[in-house]
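Student: Chain by chain, the residues run as shown.
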Amino acid sequence: MIDFHPEKARAFVLDDERAHWHDKALWFMRVKRDRAAATVPEWESLREAAEGIKLHTLSRLADYLEEFERNARANGIQVHWARDAEEHNRIVHGILEKHRVTRMVKSKSMLTEECHLNPYLETRGIEVVDTDLGERIVQLAGEAPSHIVMPAIHRKKEEIGDLFHEKLGTPKGLSDPTVLTEKARGHLREKFLRAQAGLTGVNFAIAETGGFVVVTNEGNADMGTTLPPVHIASMGVEKVIPRLADLGVFLRLLARSATGQPVSSYTTHFHAPLPGGELHVVIVDNGRSSMLSEEHRRKALCCIRCGACLNTCPVYRRSGGYSYSYLIPGPIGSVLGPHRDLKGHASLPFASSLCGSCTDVCPVKVDLHHQLLVLRQEAGEEKLVPLGKRLGMKAASFAMARPALFRAGGRFARFILRVAPALARVGPGAIWSRGRELPVAPRESFAELYDREEAGKPEGRS
Amino acid sequence: MTARDAILAALRASGAKPAPAPRHPVPVKQGEPVARFLESVKAVGGHSYRVSDAAALAAEVARLPVWSSPRRVSLVPGLPGGTVDLAAVADPHELADLDVAAIPGEVGVAENGAVWVTGASLGPHRAVFVIPEHLVLVVRAGDVVNDMQEAYGRITLPRPGYGLFISGPSKTADIEQSLVIGAHGARSCAVFVVG
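Chains C and F supply the protein sequences, listed in that same order. Sequential numbering of the first sequence, starting at 225, is according to our numbering. Sequential numbering of the second sequence, starting at -4, is according to our numbering.
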């Protein structure tokens, strides 16, 4: 099964040193996030407000999109609508064709990844250059981003040095991040100066003012939209927020949650095209309206793509972005992927310990681990869970409904663990015990211990 | 049915229950804003200075090593020393070798060192915010606010059509999370508070 998370994760953890390095690198981001959140006394109220604004917007999404469109048009922005990925790609290509664009620069947009825009344009003769450093690295390597905020988090600096040597002709053996970044700056500056159009994503679109905000640390969205005369911005329908003042809430949460910074370096508000240029916004549905129509899935549309749930997830940290079959990895991707196509991503709801850390750090309070649990149930009902697991669950529920059998099973397991622990490493039990330390078997079960304690208690004490 | 109408109809048919818009929390004020702002600018990789008036500003800026590089733009009223006149530049690509730009900020934000700058009178030269090797931003002390929520109370949009918060120099940590200053935009960012 090609999409099976455990199989792909196994390959990742085989390289023990790298797996630990990855885990540590992401935990570092989580720690930075905690520190940044702690500097804001009203952090929890901000999360509640952000969640409330998003839920309010979703409850009147069509109205706010119409308001956005009306105001954007009044600002001289051209607004397009796309039902699906194909329509989005066609619209973008149409705009580029009209301007005879053959070289386009792009800043980070998970939506265009979702639509597979790059290959669509490349087969039509348009050079598309991803300009976020991490995105450029994975683009040169022919890979997809392994993290939504840090696309090349899985790559070591030596590998990036080799990649730049091969693709950009830099001297062999570079590994200093400062030197490598400087090389990328030179390479990409050339691309910026020669680009005929720039494409960006949209972090927030503001209904009230008819403009939108793009956030970067590198300044790549700004370089890509202030030099070429044509700017195309792709946004999902869920990106709109009602008022300009709402940005005050979201921007206090976004960067702190994402990278532990108090704000990103560039938070750019586009409300008009460059004089003499054109500004296009493509509003994309691509399955979002169907997600909105289901009560228990709706909240996933509140996501502002900060990546905090990835950084904190014990499974993501230890299995890497490429273990996930959906293009967005981690808890939010394990919710969004199966919401789109449960069959194609049936193992993702299980790529979680259900510890709930993702839900705790989410700046807009998406109920991630609850959604994962619901998706597990749906996968079970649709028989999308491997047979072994299904039978195991059936056996467990059979035993748990029969106390005598359950206790006998416990006694048997404790006995085996004591006298022949190797048996736990073979047969069906091996699926669970692989990669885990076996516990020291206690003499008695909790129920036995409890009964004994109760029996020994003097009357009247409880 | 157009794509627009189909999408709007599908969204309207989704049956999402009406949810009222929440109130925004009132931020706790944390210390004197200007002092905090000067600290925050340093924390985001910039340099911060406080000067008493326009004359002191001009003297301090003239002392910056980056201000001795040849291609300079000054958009700050009363700050002399610019060598490139934006009005004489037809195409923003001609700014590719700009060394430094001094730009007036309209709002400074204490919690994160961000400075709000706009393209009100820039014409086609929005690139001036990101293309120079170094940035000098100038904010009046009275324009420093506590936090982003307060900042949005001071900002007007959609006019002037283009504006951004700049918080320190351009940076990236995309290679093994090592912070590198000077990704695509400014390699350094000096922020002056006047007054």
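I should point out that these hints are in silico values taken from the structure, not numbers from a laboratory. Treat the hints loosely; a few may be bogus.
Said to hold, decoys possible - Below, a list of computed lysine-lysine pairs in the BS3-like style, where the Cα atoms sit at most 27 angstroms apart:
#	chain 1	residue 1	chain 2	residue 2
1	C	LYS681	C	LYS256
2	C	LYS613	C	LYS589
3	C	LYS380	C	LYS391
4	C	LYS256	F	LYS37
5	C	LYS407	C	LYS391
6	C	LYS618	C	LYS567
7	C	LYS589	F	LYS37
8	C	LYS248	C	LYS380
9	C	LYS589	C	LYS618
10	C	LYS407	C	LYS380
11	F	LYS24	C	LYS256
12	C	LYS256	C	LYS381
13	C	LYS607	C	LYS232
14	F	LYS37	C	LYS407
15	F	LYS24	C	LYS589
Student: The structure should be examined with respect to each hint, and the outcome stated for every one.
Tutor: We went through each hint and held it up to the structure:
1. Distance check on the hinted pair: LYS681/C and LYS256/C sit about 49 angstroms apart at the alpha-carbon level, beyond 27 angstroms; violated.
2. Restraint check: the Cα-Cα separation between LYS613/C and LYS589/C comes to about 31 angstroms, which exceeds 27 angstroms; the hinted pair is violated.
3. Note on LYS380/C and LYS391/C: the hinted pairing holds, with a Cα-Cα distance of about 16 angstroms set against a maximum of 27 angstroms.
4. Only pairs whose Cα atoms come within 27 angstroms are accepted, and LYS256/C paired with LYS37/F is accepted, the gap being roughly 17 angstroms.
5. A threshold of 27 angstroms between alpha carbons decides the hint, and for LYS407/C with LYS391/C the separation of about 12 angstroms falls inside it, so the pair holds.
6. Taken as a hint, the LYS618/C and LYS567/C pair is honoured in the structure, with Cα atoms around 21 angstroms apart against an allowance of 27 angstroms.
7. A threshold of 27 angstroms between alpha carbons decides the hint, and for LYS589/C with LYS37/F the separation of about 31 angstroms lies outside it, so the pair is violated.
8. For the hint linking LYS248/C to LYS380/C, the alpha-carbon distance of about 13 angstroms falls within 27 angstroms, and the restraint holds.
9. For the hint linking LYS589/C to LYS618/C, the alpha-carbon distance of about 33 angstroms lies beyond 27 angstroms, and the restraint is violated.
10. Straight-line distance between C-alpha atoms of LYS407/C and LYS380/C comes to about 16 angstroms, which keeps the hinted pair within the 27 angstroms bound.
11. A threshold of 27 angstroms between alpha carbons decides the hint, and for LYS24/F with LYS256/C the separation of about 22 angstroms falls inside it, so the pair holds.
12. Distance restraint check for LYS256/C and LYS381/C: the Cα-Cα separation of roughly 21 angstroms lies within the 27 angstroms cut-off, and the hinted pair is therefore satisfied.
13. Taking the CA atoms of LYS607/C and LYS232/C, the gap is near 21 angstroms; set against the 27 angstroms cutoff, the hint holds.
14. The hinted pair formed by LYS37/F and LYS407/C meets the criterion: a straight-line CA distance of about 26 angstroms does not exceed 27 angstroms.
15. Between the alpha carbons of LYS24/F and LYS589/C the distance comes to roughly 25 angstroms, so the proposed pair stays at or under 27 angstroms and holds.
Violated hints, listed in ascending order, are 1, 2, 7 and 9; each of the other numbered hints is respected by the structure.
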